[in-house]
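Engineer: As you go down the protein sequences, you meet chains A and B in turn.
Taking this note's numbering, the leading residue of the first sequence gets 1, the next gets one more, and so forth.
Taking this note's numbering, the leading residue of the second sequence gets 1, the next gets one more, and so forth.
I should point out that these hints are in silico values taken from the structure, not numbers from a laboratory.
None of these values were measured; they are calculated from a predicted model.
Do not rely on the hints blindly, as some may be mistaken.
To be clear about the criterion: a stretch of chain B counts as covered by chain A if any three or more of its residues have a C-beta under 8 Å from a C-beta of chain A, and this derived list gives those stretches [claimed, not checked]:
#	segment
1	107 to 119
2	123 to 135
3	296 to 302
Each residue gets a CB set at the ideal place from its N, CA and C atoms; glycine is no exception.
For reference, the chains in residue letters:
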Amino acid sequence: MIELRGVCKSFGSKLAVDHLDLTVRPGELYAFLGPNGAGKTTTIKMICGLLRPSEGAVLVGGHPAESSEARRLLGYIPDQPFLYDKLTGREFLKFVVEMYGVPRSAGLDRIEELIDTFEMADFIDELCENYSQGMKQRVVFASALVHEPRVLVVDEPLVGLDPRSARIVKNMFVSMARGGAAVLMSIHLLAIAEELADTIGIIDHGRMLAVGSMADLRARAQANGSLEELFLKLTGGDALRTVSPVARARLETPS
Amino acid sequence: MSLALPQQIEATSEPPAGDTSARALRRLRWLRTRNAVASLAAESRLRVAMVLFCSAVFWFGLFFFFLGSFQFIAFYVDLANTIIEYLFSLFFLSLLAMLLFSTGIIVHSSLFHSSEAAYLLTTPAAADRVFAHKFFEAMVFSSWGFFLLGSPLMVAYGLTVKAPPGYYALFLVYLLSFVVIPGGLGAIVAVVVANVFPRRRKTVLALSILAAAGILGYFGLRIWRTPGEALSGDWVGGILNRLAFCQHPLWPSKWMSAGLLAAAKGDWPSAGYYLMILSSHAGLAYLAAAVIARDLYRRGYSRTQGGRSRRKRGGFAFFDAAFHRTFFFLSRPMRLLILKDLRIFLRDPAQWSQFLIFFGLLGFYFVNIPRLGYGAQSPYWRNLVSFLNLSVTALILSTFTSRFIFPLLSLEGRNFWVLGLLPLRREQILWGKFAFSTGISLISTEFLVILSDLMLKMSPWMILLHVGMIAVLCLGLSGISVGLGARLPNLRESDPSKIAAGFGGTFNLLVSLVFIFTIVTALAVPCHLYFAGQDYPESARFILSREGLRFWLTVAVAASLAIGAAATIIPLRVGIKAFQRMEF
Chain A
1 MIELRGVCKS FGSKLAVDHL DLTVRPGELY AFLGPNGAGK TTTIKMICGL
51 LRPSEGAVLV GGHPAESSEA RRLLGYIPDQ PFLYDKLTGR EFLKFVVEMY
101 GVPRSAGLDR IEELIDTFEM ADFIDELCEN YSQGMKQRVV FASALVHEPR
151 VLVVDEPLVG LDPRSARIVK NMFVSMARGG AAVLMSIHLL AIAEELADTI
201 GIIDHGRMLA VGSMADLRAR AQANGSLEEL FLKLTGGDAL RTVSPVARAR
251 LETPS
Chain B
1 MSLALPQQIE ATSEPPAGDT SARALRRLRW LRTRNAVASL AAESRLRVAM
51 VLFCSAVFWF GLFFFFLGSF QFIAFYVDLA NTIIEYLFSL FFLSLLAMLL
101 FSTGIIVHSS LFHSSEAAYL LTTPAAADRV FAHKFFEAMV FSSWGFFLLG
151 SPLMVAYGLT VKAPPGYYAL FLVYLLSFVV IPGGLGAIVA VVVANVFPRR
201 RKTVLALSIL AAAGILGYFG LRIWRTPGEA LSGDWVGGIL NRLAFCQHPL
251 WPSKWMSAGL LAAAKGDWPS AGYYLMILSS HAGLAYLAAA VIARDLYRRG
301 YSRTQGGRSR RKRGGFAFFD AAFHRTFFFL SRPMRLLILK DLRIFLRDPA
351 QWSQFLIFFG LLGFYFVNIP RLGYGAQSPY WRNLVSFLNL SVTALILSTF
401 TSRFIFPLLS LEGRNFWVLG LLPLRREQIL WGKFAFSTGI SLISTEFLVI
451 LSDLMLKMSP WMILLHVGMI AVLCLGLSGI SVGLGARLPN LRESDPSKIA
501 AGFGGTFNLL VSLVFIFTIV TALAVPCHLY FAGQDYPESA RFILSREGLR
551 FWLTVAVAAS LAIGAAATII PLRVGIKAFQ RMEF
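Construct the complete structure from the given sequences, taking the supplied hints into account.
Structural biologist: And the structure:
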């Protein structure tokens, strides 16, 4: 459903993504992990057609990522979600329905269903400028799902959500994947990735370091610990410096 | 894992036809406008009333100014003749250039640097649909000032020449068609710049401003150097000859002026002919922009995104140390705040390049004053020119303080808590910004005013008066901009030009203009009357004697100092109070 083949993306002399291969099949929930600046968001933006790869091919549902056919299949939730301040949540969802060419009555039914799922009835008819971060996040989730995408790409999905909303979102990801959609989720919360993902891909300096199920990764890293330990081992950060030697000396010196 | 090409999957929803996304975007614009107006009417009635009142004052002020000017010209020449066509052509050509710049900048920013554009590009809407949506918004944003400036001119002209009623309806169609031409061209430039120079936006802008300033300076100088006695027949002929470039039949400004003059005369076939030329070119400009956007917008967007600058910054240690030593009398936190603002200012070429170009052009003109012969003129003319030079310097300074100083506090935006939590009194933050603004203003304007007066061979007393005046103006304009910037902040906007163009910025500019007008008038009138009496001794006793000048100038200086102190202290106090009450 999502297919990246030998994809490179450079910004001037900096190679942000380096010959990346990535596949997310229908029904698969893929957790995309990596340290800050590893190239996750750049990869996601190429899948959404916002960035063009310098080399290689990015396909969504078999269509080039930049094509409108690919975009119709795709639901995207960016790390910094966008809403129109001067629209209500319901007006925004109706706008999305119309933009995606969803038939009106089916779109309205779907909007009601999502308002109910994400528990938005209390605020959905207020202007978005008055929403809290969590409210905004829920409307953005609803807008990405309202046209029933076959491919869902999410960048840092749980930022700003309370535990109840986070649980709703997690359930939604799983049910979408079980329903046959391909879900690609970039996330820093390793416990969530461990809990939900069918496949985990770890990227650093634009290169895919490891990809597979939790068991595959353990076998490859020859370790039996948690995903956090695996991640740190693979990204070379196992020798963590929690306190610098200078700071330690200062802290240990009696005043 | 199979690497075979996956089968193509068809979307469940119907592919949105072009008109479906166009309808959705039209509806979006309507809903946003309706909701914005409704919330303004519900929550900010005073603000709306103020904006409407200021716009009405501005419109009627311009209307009466244009009406008076046309009636004055009509007293000497037939208003339907060549001079008016030249004036209109020049006016619309200037606006053409300004709209080209402003629309180009706004389109570039809204197509390539707005979160809305990023969102819309992930929807199935075609690139040219997204372009059309953002182009429409940019046109409204960049050309409202053109209608505010152009409509009183057209109405005043129509009333002076007793134009038929059809003229008033037609000039609106002319204005609408006209703005699309520079808008379309500006959009083409914006899309091409994003594709060709994706990381050199500010450099391209600075070079364009420099080129425009050079062209303007060249033509300005040519007109100034027109031979012959001022206002003589030869001189007017020479001026028209030098302005002949604006009458070129391929300029849209020429079609505009010729068509409007024909409409005012009731010559409908000619008016219709020019309107057709203008509107067909407007359509062509938009079509060309849309086609270029269809093919290059996504490519350009991709090229302008991502990739942080890896340039290492530094080398300020010596400058910082020198600054701390020079301004040892200021508290250290205030010095650090000033240094922070100064560093941001120096690292943003859009700020200092405009400042440099405008003040550079003024400096160039002042240096050339001896060539223009003002130095050899009577004291009356030299005094008049010196005050005019001072006024222009102050007016440019007010645009600088409105554009760059007023948004300073708003720009702290979501990081406001950083300033709020600093271990210093909040008022010190405002005083720091005030000192930063005053420092830059004083250094640049004092130099220019002294240069102008030396070139005009003014007396030491007049130089001293002007130096004092511009110092009062610098302090007042800085106080107004910093104080109002704290009182009317726009913490949601990150674009300083939009903050400056908003309600607070416009109000700040208006207050600054009133302040300049008051100070300059108070001091210029006694001097003007005195020197007018010097040139015409027979009427001197009716005007102002030397003793009279001394008395009235003393009164005017005292009044200016009082007004200057009020303009500095009152807005700052208001701003400090608001800033202290502000919650983060």
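Engineer: Against each hint, give a clear statement of whether it holds in the structure.
Structural biologist: Verification of the supplied hints:
1. Beta-carbon proximity to chain A at under 8 Å applies to 4 residues in the segment 107 to 119 of chain B; the threshold of 3 is reached and the given coverage holds.
2. Restraint check on the segment 123 to 135 of chain B versus chain A: 4 residues with Cβ-Cβ distances below 8 Å, three needed, restraint holds.
3. Restraint check on the segment 296 to 302 of chain B versus chain A: 4 residues with Cβ-Cβ distances below 8 Å, three needed, restraint holds.
The structure shown violates none of the earlier numbered hints.
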